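Peer 1: What follows is the residue order along each chain.
There are 2 protein chains.
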Amino acid sequence: MTYCAAIRLKDGMVFASDTRTNAGVDHISTFRKLYQYGIEGERVMVLQTAGSLATSQAVFTKLQHDIDQRYESNLNTVLTLFDAAQMVGECMRNVMNHAKTVANDDNGSQFTSSFMLGGQIKGQPPELYMIYPEGNCIRATKDTPFFQLGESKYGKPILDRSVTYDTDIQHAARALMLSFDSTIHSNLSVGMPIDFVIYKSDSLETPEGRRIDENDEYFNTIRRQWSKALRNILVELPEYPDNYWNK
Amino acid sequence: MTYCAAIRLKDGMVFASDTRTNAGVDHISTFRKLYQYGIEGERVMVLQTAGSLATSQAVFTKLQHDIDQRYESNLNTVLTLFDAAQMVGECMRNVMNHAKTVANDDNGSQFTSSFMLGGQIKGQPPELYMIYPEGNCIRATKDTPFFQLGESKYGKPILDRSVTYDTDIQHAARALMLSFDSTIHSNLSVGMPIDFVIYKSDSLETPEGRRIDENDEYFNTIRRQWSKALRNILVELPEYPDNYWNK
Chain U
1 MTYCAAIRLK DGMVFASDTR TNAGVDHIST FRKLYQYGIE GERVMVLQTA GSLATSQAVF
61 TKLQHDIDQR YESNLNTVLT LFDAAQMVGE CMRNVMNHAK TVANDDNGSQ FTSSFMLGGQ
121 IKGQPPELYM IYPEGNCIRA TKDTPFFQLG ESKYGKPILD RSVTYDTDIQ HAARALMLSF
181 DSTIHSNLSV GMPIDFVIYK SDSLETPEGR RIDENDEYFN TIRRQWSKAL RNILVELPEY
241 PDNYWNK
Chain A
1 MTYCAAIRLK DGMVFASDTR TNAGVDHIST FRKLYQYGIE GERVMVLQTA GSLATSQAVF
61 TKLQHDIDQR YESNLNTVLT LFDAAQMVGE CMRNVMNHAK TVANDDNGSQ FTSSFMLGGQ
121 IKGQPPELYM IYPEGNCIRA TKDTPFFQLG ESKYGKPILD RSVTYDTDIQ HAARALMLSF
181 DSTIHSNLSV GMPIDFVIYK SDSLETPEGR RIDENDEYFN TIRRQWSKAL RNILVELPEY
241 PDNYWNK
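Residue numbers (the numbering used here), protein chains in the order written: chain U, 1 to 247; chain A, 1 to 247.
In short, the hints are calculated from the structure, not lab data. Keep in mind the model is a prediction, meaning the values are calculated, not measured. It cannot be assumed that every hint is accurate.
What the hints assert, rightly or not - Below, computed lysine-lysine pairings styled on DSS-like, alpha-carbon distance capped at 25 Å:
(1) U:Lys142 <-> A:Lys100
(2) A:Lys100 <-> A:Lys122
(3) U:Lys100 <-> A:Lys142
(4) U:Lys122 <-> U:Lys10
(5) A:Lys228 <-> U:Lys228
(6) U:Lys228 <-> A:Lys122
(7) U:Lys10 <-> A:Lys10
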């Protein structure tokens, strides 16, 4: 499994992907599932994935190949981020259809991937897309500023409670770290390290990023403080009134 | 969908079940999914369910019918709680098999239910069982003191963090309320009111219970305080150090 999430805020974007892949509990490996594309000062794109690692890697490889070979249409030449999302979707459909043909398997659900693409092209607003296994996509809005892929449920409550479009980047980044902490705590199939990337709106600079591993001092500090504070709040909440039960 | 959970603690047990059922988003109804059985001073049982409402109701009905008709073997005559869990499992398998026969449908996944049974019989320790759709069951232990059914993921992190076998009943009950609050916040298919029941070990009294609805003053107080405190902690966590990113 995988957990990845991305948030589009007023002042920028925060992206995070774990790196655990597993096929059963015996085959556990570490693979990067977050990639960056772009041209400094002109366009920035961050692509995240969940699902079949073979499909996802083939898509990353094909997209990079098209850039390297300077094909007319690639992520560095598309006019809008929407076009880029469409390109990713089509590329994924091609990979999945090819895999099904090779496997001679009409079912082929094991080849399914999903993607999220966020970024900005000069002169246009920053955007974040969720690209479905069917190849189509939706865009994050002010009402719905974040998307998640994969093992998303454990980490959703904290984002639901604390992140809106107007949330400060620093706070949203911390909420996202704790969203990963909750998920890792409750689910074995999501694991460290986590690839974290922060993009500031209109900077058009390759975003800042960090691979957070088990020894990351800051991450461990806030996860400990968070965990302790949660337990403290719970203990300090008011006791239920007499005769509260039996009604 | 449904969310229900039960915790077996050193000093007692806490049970909670929501009451929303849905078939699609158009058919939303309120149904009790938590029932009590027992004989004051001799045995106490709390039965919770998730899954096909038709199967669950048929099981509740059959179990009550066997008690009312004073059949030799019923929940009021079984010797152990393990026997009671087996009885529930067998009853559920019979109902599911019958439904499949009537429907002439070998697939029959739509008839599946799961149950949790907790309680105590005089002279024996309190026990909590999870009864799988296959009819077999597992028992909660000191290492794993709680079980969940249905839409369990949103509400699991808070239980993972705050509940152990030695947790005070009052604290565990509050954690369970907040676990429901998180789930309802993040998922439309789980809804109020919530049936809550608390049993004190060795009391052998019909447990105290309360149906918590949207207007419950205490529940609303702690959910507001919790939500506010969470946001405060998040804001008060230390900022990340300079140069934390770009590594």
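Peer 1: Each hint: holds or not?
Peer 2: Verification of the hints:
1. U:Lys142 <-> A:Lys100: violated, 47 Å
2. A:Lys100 <-> A:Lys122: The given pair, whose Cα atoms are some 38 Å apart, is violated under the 25 Å limit.
3. U:Lys100 <-> A:Lys142: Between Lys100 (chain U) and Lys142 (chain A) the Cα gap is close to 47 Å, so the pair fails against 25 Å, i.e. violated.
4. U:Lys122 <-> U:Lys10: Within the cut-off at roughly 17 Å; holds.
5. A:Lys228 <-> U:Lys228: Roughly 16 Å separates the two Cα atoms, so the pair holds.
6. U:Lys228 <-> A:Lys122: violated, 39 Å
7. U:Lys10 <-> A:Lys10: The given pair, whose Cα atoms are some 49 Å apart, is violated under the 25 Å limit.
In this structure, the earlier hints numbered 1, 2, 3, 6 and 7 are contradicted, and the remaining ones agree with it.
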